[in-house]
Structure formats: C-alpha cells, structure tokens
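Chemist: Chain by chain, the residues run as shown.
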Amino acid sequence: MRVNGAAELLDLEPRVSLLDALRERLGLTGTKKGCDQGACGACTVLVDGERILSCLALAVQYDGREITTIEGVAHPLQAAFVRADGFQCGYCTSGQICSAIGMLAEHRAGAPSAVTDNVATRDIELSSAEIRERMSGNLCRCGAYNGIVSAIASVAATESVS
Amino acid sequence: MKVFTYVRAPDVATAVEAIAAEPNAKFLGGGTNLVDLMREHIEQPDVVVDITALPLTGVAELADGGVRIGALARNSHVAADPLIRTRYPVLSQAILSGASAQLRNMATIGGNLLQRTRCSYFYDTASPCNKRAAGSGCAAIGGFDRGHAVLGTSDHCIATHPSDLCVALAALDATVEVQSVRGVRRIPLVEFHRLPGDTPHLETALAPDELITAVELPALPVAATSRYRKVRDRSSYAFALVSVAAVLAVRDGTVTAIRLALGGVATKPWRATEAERVLRDAPAMEESFRRAAEAELATAVARPHNAFKNELADRVIVATLRQLLAERSAT
Numbered sequence: 001m002r003v004n005g006a007a008e009l010l011d012l013e014p015r016v017s018l019l020d021a022l023r024e025r026l027g028l029t030g031t032k033k034g035c036d037q038g039a040c041g042a043c044t045v046l047v048d049g050e051r052i053l054s055c056l057a058l059a060v061q062y063d064g065r066e067i068t069t070i071e072g073v074a075h076p077l078q079a080a081f082v083r084a085d086g087f088q089c090g091y092c093t094s095g096q097i098c099s100a101i102g103m104l105a106e107h108r109a110g111a112p113s114a115v116t117d118n119v120a121t122r123d124i125e126l127s128s129a130e131i132r133e134r135m136s137g138n139l140c141r142c143g144a145y146n147g148i149v150s151a152i153a154s155v156a157a158t159e160s161v162s
Numbered sequence: 001m002k003v004f005t006y007v008r009a010p011d012v013a014t015a016v017e018a019i020a021a022e023p024n025a026k027f028l029g030g031g032t033n034l035v036d037l038m039r040e041h042i043e044q045p046d047v048v049v050d051i052t053a054l055p056l057t058g059v060a061e062l063a064d065g066g067v068r069i070g071a072l073a074r075n076s077h078v079a080a081d082p083l084i085r086t087r088y089p090v091l092s093q094a095i096l097s098g099a100s101a102q103l104r105n106m107a108t109i110g111g112n113l114l115q116r117t118r119c120s121y122f123y124d125t126a127s128p129c130n131k132r133a134a135g136s137g138c139a140a141i142g143g144f145d146r147g148h149a150v151l152g153t154s155d156h157c158i159a160t161h162p163s164d165l166c167v168a169l170a171a172l173d174a175t176v177e178v179q180s181v182r183g184v185r186r187i188p189l190v191e192f193h194r195l196p197g198d199t200p201h202l203e204t205a206l207a208p209d210e211l212i213t214a215v216e217l218p219a220l221p222v223a224a225t226s227r228y229r230k231v232r233d234r235s236s237y238a239f240a241l242v243s244v245a246a247v248l249a250v251r252d253g254t255v256t257a258i259r260l261a262l263g264g265v266a267t268k269p270w271r272a273t274e275a276e277r278v279l280r281d282a283p284a285m286e287e288s289f290r291r292a293a294e295a296e297l298a299t300a301v302a303r304p305h306n307a308f309k310n311e312l313a314d315r316v317i318v319a320t321l322r323q324l325l326a327e328r329s330a331t
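Top to bottom, those sequences are chains A and B.
Using our numbering, read the first sequence as starting at 1 and increasing by one per residue.
Using our numbering, read the second sequence as starting at 1 and increasing by one per residue.
Just chain B, with the same shape it has in the complex (with noise of 0.2 Å):
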C-alpha cells in the first residue's frame, strides 16, 4: 500500500473542505472496498479522508411518506431497521443477500454505492482494463468472461456492477443527495453510475469533490410486497450471476404497478424499463412475465463464457415475478 496522509472530518463542511483542497483525495468510510483495491495498488491515494466520525448514520421518516437513509448508515443497521423491513423488503434482502455478516456491518451505504467492479482484469494489474488504465484496452473481452456483462456493454468493458442494494436501490426510484463546497444536488439513482461507453474508467455522475450524504426512498406503499432474488455459484457469500429486485401490484388480474431492475447481467445497476413497459397494463400471468423478461434481454450480447445468463436472466425474472403474484394471491 502506497503511503498517504490520514485526515479524520468532524463534520460534513470540513469533509467537503479537505477533498476539495487535494486533487488525489478519497473519502474513507468503512473501507471494505477501498482498503483492498489500496493494497492491490489500484487506488492510490495521497490523502484518505476518514468521514466515519460524520453525522450521518441515521435512517428517518420523511413528511411525503418516504425515507431518507444516511450515507454512513451501515449495510446490516439498514436491512435490519424495522421501517426498511416493513415498507421496502427487497432493499432488506438485496442487501442481506450481499457479502457477509462482518462485511455488512461495516460497508456503509454511501460506500456501497460506489464499489468498484469484481472483474478479475481489473483486479490483476498485469492486464490492459480501460477502468484501471484509460485506453489500455480490455483483457476481458475475448478473455474468460463468465462473470461479465450482457446488457450496456461497450466495445471498451464489459465489467459488471457488483452491488445488490443498488440493484434494489434502481427499482424503488431512490435519489442520491450529494454536497461539496458548491452546495448540495441530488442525483436518481438510475443516472449516478455511467454506462461505460468509451470512458469506463469515468463510473458515476458524482464530481470527484462531492461527497454522497444520503440516499432517499420515495413513499412507494406498493413496496411493502417485493422481492429480491439472487442466484450465484454457492449458495452465500458470492457476488451475483443474475439477480432481480421486483415490485409487483395486481388488480383483478392486470398488472397496476410494476418495478423490476436486474443485477449480475449488466454495467450498472439495471433498471428494467423494457420490461416494465409490456408488463403495465398486462394480465398478471407468466406468459407475460416471459414475454417482459425476453423484451428486457433482446439485446443482451452474450460471449463465449456468459450466454448462460441470458436464458438464466428470464428464468430468475419469471420464478420473481411468479412468486410475488403468488404472494399478492395469498393476502
């Protein structure tokens, strides 16, 4: 690990201040990205600006209904808190069903955000990747990439985003609310991270000054019956192959309210806007599920390793959809 200053902030102004002064400055929170990709010499930081200390851990109640979730509130604190279970299930297992245990208690949620891709070309610094190296190449592409992309892909990177709350956080239309020393702005979830297009190393709308103090969950009542469903190579503690956070509303058979964002498959937390639109107005029923999951990967681009997920992708989307209709029969 390269050697670096370490700032402790007191409070969001000093924060904002110190990274804002240092051109090759990160934030710190609860380093379980950060610290690994410092000691593999991917980040290299002159100065680490320690922001745990900052007082934004809460998860409250806003006036229209939503709830606002502080950017350093712990991945577990989250899922555990008791207005997160009730209204907004498929956040508590997306991020339940990430990591471990250890791992969630402490990941804070701002950090969550911006947690930097598991491909492997990434990781191995022998090897050409655009997000490591602009314009170096990509290893990926025509390499081993069972693990990578088949929606938002480039011809620079195929790397997938690894989260499961973002996935979650896609569906449900949150805003992430970000401040530097210009002031604060709020960005929706489904814009802050960039497709990669010919600039993968560029992954999400936050200026390298802003800071991320919160992420706010609109009032959305249909919520409380969703799901989030992930499957992957063991059964826990590994990164998804294709997961779906779903929320699903029927009234007399049709299809009143639907969210659906996909994870595993794509470059960026995947809101399923396809999808979505054959689904409203439909007939509750698994012919349109299907019909909805094969709209949303009609153009997928498999590769030699991970054209499995394609066919994975619709059936893990039908069994969501299947098993919330079920549930919604059931109340």
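Extracted from the complex, chain A is given alone in its bound form (with noise of 0.2 Å):
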C-alpha cells in the first residue's frame, strides 16, 4: 500500500488491522487505538481521500491504497485547532483532523447529513450543527467540541472565500 506518498511492501497475517498495522509495522503512532472497536473516531485515517476507521479495517483489505494518516497531512486545520483550544489531551486530535478533512470534502461534494433537512440539496450551508452531526463519529472526552467545532468552522469559512 502507499502510505502518505511511499509505498510499503509489507507482510502481513490476514488478521492484522490497518491500525496495528500503521501503528506497529511501519511505527505511525500518530493514529491512536482508542476503542479498538468502531465506536471512537481516534483511529481515523483517510483512504483514498475517504475517512474511514483503520481499527474495523483488515489491512489485508487495503492493498494497493493510498492512505493518509496525521504523519502525512499539512492542512490549515492543524493550526486552527491550536487557536481555537480544539483539544486537551490530544488524544483523540488526529482521528479528528484526518475527519474534519474527509468531512470538508464530503461537504464539497454537496453530500448531505442526518441533519440536512432536504436531502436533495446540494448547496447545503455547514453550518454548527451541521459539523457537530458530521463530526459525530469523533468522540472527545475532555469535551473540547465547542473548540473543535470553531477550528472546523473557520477553516471551512476561509475555504469556501478562497
């Protein structure tokens, strides 16, 4: 697979997942095991451009994938969640950048949310509780989602000017 631009031949027992894998092998411990089990979001990483979580993923499955994970993303998110206090511990910031970017792309793309009130939509302004509904999958346990949302949201404002 192609991780962060280099490829990685790697050999792997089908049981492996993407995470352990990542974290493991190839020693990217920026992506973090939260609850090893889909409920979290610390785990996020992008595949293809896609968020998706590596804990519930086989890495088997990801063969020939492009994937990026906090070690390979540059992105104005990352200031902006520094400015706006969009963590405390950290622990669970770079599942939340590396979503807030699939999530600003989805955006883009005119997808809509549970919260969309017409679906059929597709210029759909993202507003707070817009992000907070897409965001959803990304649990912060020292509760910094006021912060969280505010990064996301300036970033987005900025992106939709320029």
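There's no promise every hint is true.
Said to hold, decoys possible - What follows is a set of in silico ranges between Cβ atoms, one per label pair, in the way DEER data are often shown:
(1) E24(A) - R291(B): 56 to 62 Å
(2) D281(B) - A109(A): 38 to 44 Å
(3) A219(B) - R108(A): 29 to 35 Å
(4) P76(A) - P23(B): 50 to 56 Å
(5) P283(B) - C89(A): 34 to 40 Å
(6) Q88(A) - R315(B): 37 to 43 Å
Derived from the structure by calculation, the hints contain no laboratory data.
All figures in this text were calculated on a predicted structure; none of them were measured in a lab.
Just so you know, even glycine gets a beta-carbon here, dropped at the ideal spot from N, CA and C.
Starting from two chains that each stand alone, build the complex the way the hints lay out.
Modeler: Next comes the structure, spelled out in structure tokens:
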C-alpha cells in the first residue's frame, strides 16, 4: 500500500488491522487506538481521500490503496485546532483532523447529512449543527467540542472564500 | 481473533464457488460488523472471502423507473446518490442516521442487511443467548431489556434488529437479489429477515452459500415525499430506541398511499401493515395517525424496562405523519 505518499511493502497475516499495521509495523503512532471497536473515531485515517476507521479495517483489504495518516497531513486545520483550543489531552486530535479533512471534502462534493432538512439539496450551509452531526463519529472525552467546531468552522469559512 | 484463511474473490462466480466449497466461510465486505464480531469470538469463520473487489458498487436506474443498488455500494455513496436523494429521500435519511460518516464510508449495502443485533447479552459470551448459541437460553428476558423489542418477540429472543437502512427498505418494498452456484433468486426485503420464533439463530432467508448481489427499489413516485425519523439516547451516532420510515400521499384530505415501517422496536425491520390498513382511504388527520399507531402497537409485548417504547413509537409515528402531511400541504 502507499502510506503518506510512500510505497510500503508489508508481509502481514490477515488478522492484522490497518491500525496495528500503521502503528506497530510502520511506526506511525500518530493514529491512535481508542476503543478498537469502531465507537470512538480516534483511529480515523483517509483512504483514497475518504475517512474510515482503521481499527475495523483488516490491512490486507487495503492492498494497493493510498492511506493518509496525520503524519502525512499539512492542513490549515492543524493551526486552527491550536488557535481555537480544539483539544486538551490531544488523544483524539489526529482522528479529529483526519476526519475533518474527509468531512470538508464530502461537504464540497454536496453530500447531505442526517440534519440536512432537504437531502435533495446540494448546496448545504456548513452550520454548527451540520459540523456537529458530520463529526459525530469522533468522540472527545475532554469535551473540547466547542473548540473543535469553531476550528473546523473557521477553516471551512476560509475555504469557501478562496 | 481465531486464525482464518483469507481469500480474495475477483468476480461473483469465484466468490460463490469459494463459499460453496467451505462450510464455515464468511463473506467480508466493509468489515464494520464482522471484524468486530470476530474479535469478540462471536463469529469464528475458518475462511474469509473478501468480496470488496466485486463489480457490484453501482447505483443505476432500471427500465421501469426503479433503482438497482449494487450490494457492495458503500452506505455513504448510496445516501449521497442523486437518484436516491431525489426519489427516495427516506432511504438517504435512514442511511445518514446510522453509525458515523467513517463507518458509512466502509459499510456496504449487502452487509447492512446482514448486521447482527446489538443486544448486550449477544455480545457477552458469558451469558446464554439463543442467537449466539442455539438452545442456550435468553439472558435478556428477565434481564436489562431497555433496548429490546416489543414487536415480533418470542419466548426465546427479544433482540432488536439494529439497521436503519432496512427500515426504509421495508417501507419501500425493496427486493433483495441473491446468487449462489445454484443460480439467482429474488427475495422481498420484508421476507428477508426472519422472526426469532424458536430458532433465533436463523436470522434471514439467505442460504449459507448465497451472496447478496443487489437491492432493487420499485418505481414509487410518491416516495419523493418521505421521511425517516429516529429517536435515540443521544442526538447522533447511536442505535434507535424508535425509528419510523414513512411515505404518505394525500388527495382531497384523504390518504391515497401510505408506507410505514418501524425500527428499534422489533426483532426485524418492521413493516407496519396494521397501521397501513387503518390509514388507507382514511381522513389525513392526526386522529387517524393516532388510531393507526395504536393498531400497530396493539400486539406489542412490553417488558419491565422497555414499556416506554409503546408510547414513544405511537408519538413518533404520529409526529412523522404529521410532518409529511404538512410538507404535502405546502407543495
């Protein structure tokens, strides 16, 4: 697979999750193991630009795919999280940022969410309610949600201007 | 997780041959349910047949105006598909109200139909569970049953079916296409999931060697005005306590078409046929909605911690139909 732009040749047994392959085999420990059962979002990475949970992904299924982890990210969201106090302990942050990058791409493509009143609409305003719903797969036990939402909103506002 | 042999199927023929040759094999799609269950030692396949490379990911219009959804289409892609969003908004809404965006990017439509219950006793291998170990008993009956079903239960199982997608599919009269080495057959979605009865471990009409290849939606112009409403313990990323999928058409104050299905309250995606019977040709007003809801819940069997679901289901049915009526009147 390709990880952060580099080709990686791994010999793995099929039980190994993508998360463990990244952390234990490639030493990319920025992606965090929270619940290891798809309930917290700390392990979020991008595969071909789409956000997924690496804990429920068997690495063998991602043969040949383009994986992006936090180590491969250089995005305005990172500075925005610092500016807006989008974390305390920081354990969920790499997952939050990878998830937000995927979320902004989904929104740019016109995808609706569960709080979009008319799902047929393609031009959806990224309100606070939309950001909260679209980011609901990423839990923050410190409760830094207000900072997280304002960090994402500030980057989304800049993107829509440019 | 038990050791297993991993096989990657390049096409449908190879996939169904691989499963036919191995009695304890499982198809692997997005893995969002199966990988978790394998880690918990609830699913223990000897062979895992990865089907994610199969060319079954499309969403396409059929000649009769219906829509065919490939079984390997990702939940997120189906929810965002223009055909689904405009013709069957209830289906987009149902998908979007389930799990999280990351999980919807992984999970497939076929896999969603086969997801297992979230009953905590099913997950707890130290508890008896007739679904997990046939004949071992049911710890949920007499246990903490707050999340459990009030419709379609038996003395052997009261586990709720967890899918949102399937509730919308039940309302829309979807059909499931399946294939094995013996050929192709089609199963109505409402007959795809089984009631637990005295065999809760048998959950669907799918034979062990059959692969889901597609889900088809019939042409249903009235579904352009439809709603999925879900009530849960937190506002997102949680399973339903009660959910309602509804399609409503009204002419001159009379109900001319009604499709209603319930989630979170039943052992399978629950088509509300009693409520539909009461509503057909009835005056489109709140009193009819209430009578229909009460008719549907008349056979409900409440237990110590889930009795609240009866009234909650009544209220969510009425609220959803009231909202659809207002949308109909506004157009």
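Chemist: Against this structure, judge whether each hint is valid.
Modeler: Hints, verified against the model:
Roughly 60 Å separates the CB atoms of E24(A) and R291(B), a value that falls within the hinted 56 to 62 Å. One distance hint, 38 to 44 Å for the beta-carbon pair D281(B) and A109(A), holds here, with the actual separation near 43 Å. Distance hint for A219(B) and R108(A): a CB-CB separation of about 32 Å, consistent with the stated range 29 to 35 Å. Against the hinted window of 50 to 56 Å, the Cβ-Cβ separation of P76(A) and P23(B) comes to about 54 Å, which satisfies the hint.
Our hint of 34 to 40 Å for P283(B) and C89(A) is violated, since their Cβ atoms are close to 58 Å apart. Against the hinted window of 37 to 43 Å, the Cβ-Cβ separation of Q88(A) and R315(B) comes to about 39 Å, which satisfies the hint.
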